[in-house]
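Engineer: All chains should be modelled from the sequences, with the hints used to inform the complete structure.
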Amino acid sequence: MLTTTLEIVVPVFLVVAFGWLFASRGLVTGTGTAAITNFVFYLAIPALLFRTLATGGVQEQFDWAILGAYYGGALLNFVAAWLLSRGVFGTPADAAGLAGMAGTFSNLGLIGLPLVQRAYGDAGLVPFMLVIMVQSAIIFTVTTLAVEIPRGRGRGWLRSVAAPLRSVAVNPIVVAALGGMAFGFTGLPLPGIVDETLVLLGRAAGPVALFVLGCSLVGCRIAGDLRETLVITAVKLIAMPATVYLLAAHVFGLRPGWVTVAVLAAAMPCGANVYVFARRYDTYVNRATAAVVLTTLGCVATVTALIALLPPP
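Under my numbering, the sequence shown has 245 at position 245, and the numbering climbs by one with no breaks.
Keep in mind that a hint or two might mislead.
Said to hold, decoys possible - Here are the in silico distance ranges between beta carbons for each label pair: (1) Gly87 - Ala204: 41 to 47 Å; (2) Val134 - Val251: 16 to 22 Å; (3) Asp122 - Arg227: 38 to 44 Å; (4) Pro92 - Pro11: 39 to 45 Å; (5) Trp64 - Asp122: 16 to 22 Å; (6) Val276 - Val194: 30 to 36 Å.
Bear in mind the hints are in silico, worked out from the structure with no lab data behind them.
Owing to the predicted nature of the structure, the values given are computational and were not obtained by experimental measurement.
All C-beta atoms, glycine included, are put in the ideal place defined by N, C-alpha and C.
Structural biologist: What follows is the structure, encoded as structure tokens:
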């Protein structure tokens with residue numbers, strides 16, 4: 001069993017390592033990394049999302065419980081990370097909002113999707129797509145409020161939330177997911193040429209996403225308060241999947257295979273948007289960067305354990 005799990009997980013992180021190696025050696029430049037990221041974000045992942053939801057029978061499988069379990073756990077985790085950052089480490093209230101995001105926002109696109117696809121195939125992709133399509137809308141909104149209100153801009157919270165929500169509305173991953181769901185509900189088959197094109201693009205999504213993730217880690221440094229970053233890392237990689245498991249299995253009564261996908265999604269490292277938000281608000285930048293690096297390294301162990309222990313979809 002362990003050998004089978006390692007055969008699933010180790011190649012995933014070896015591709016990430018190759019990306020880091022190529023970028024650190026100058027074989028892939030910063031411009032190249034940006035171009036590859038655009039291909040993954042604007043074309044390959046949306047193609048995979050659209051086809052999976054358009055042809056995966058989502059209309060028969062859709063279950064709101066996975067969203068309640070996952071995002072109920074995420075919000076509880078956000079509060080826990082905020083309280084730890086603020087109460088234990090004395091982080092200012094606005095910066096603690098970024099700690100909440102670091103302990104909650106999962107890298108579902110670049111690493112979660114390839115892992116779920118490799119481990120569980122199409123059976124795991126449908127519930128995973130339901131989780132990924134609303135993550136930005138929920139976590140971006142909560143983070144914006146958590147930062148803006150302590151800064152005294154709470155009265156204009158609608159304006160503060162509008163900017164990230166606008167970006168979510170035109171996010172190609174969100175658009176592709178919603179479009180795929182809408183097409184799936186029609187019950188119509190995809191035209192053959194369109195279907196084969198989406199298949200080709202979708203096959204590139206996983207490996208290319210992993211490679212570019214490795215490229216993007218070059219230059220990231222672990223700095224700031226390492227104690228706090230380690231605590232936030234534990235919140236993200238241990239507390240969040242545990243909370244989601246309890247809600248999914250024992251509160252929402254989610255089917256076992258979907259519990260597995262929800263928990264695995266929760267165990268993903270924090271995504272790079274945590275750093276983007278930290279730069280935007282000019283606070284928590286070093287700790288956000290360190291959290292991305294440490295959770296990415298640490299999830300090798302947690303993901304391996306979860307895939308070995310939890311039943312497949």
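Engineer: Compare the structure with each hint and give your call.
Structural biologist: Okay, the hints, checked on the actual structure:
With their beta carbons about 45 Å apart, Gly87 and Ala204 fall inside the hinted range of 41 to 47 Å. A hinted range of 16 to 22 Å holds for the C-beta pair Val134 and Val251, which are about 19 Å apart. Taken as a hint, the range 38 to 44 Å holds for the pair Asp122 and Arg227, whose Cβ atoms sit roughly 42 Å apart. Between Pro92 and Pro11 the beta carbons are some 42 Å apart, a value that agrees with the proposed interval 39 to 45 Å.
Remark: the range hint 16 to 22 Å for Trp64 to Asp122 is upheld by a beta-carbon distance near 21 Å. Taking the beta carbon of each, Val276 and Val194 are about 33 Å apart, inside 30 to 36 Å as hinted.
Going through the hint list in order, the structure satisfies each hint without exception.
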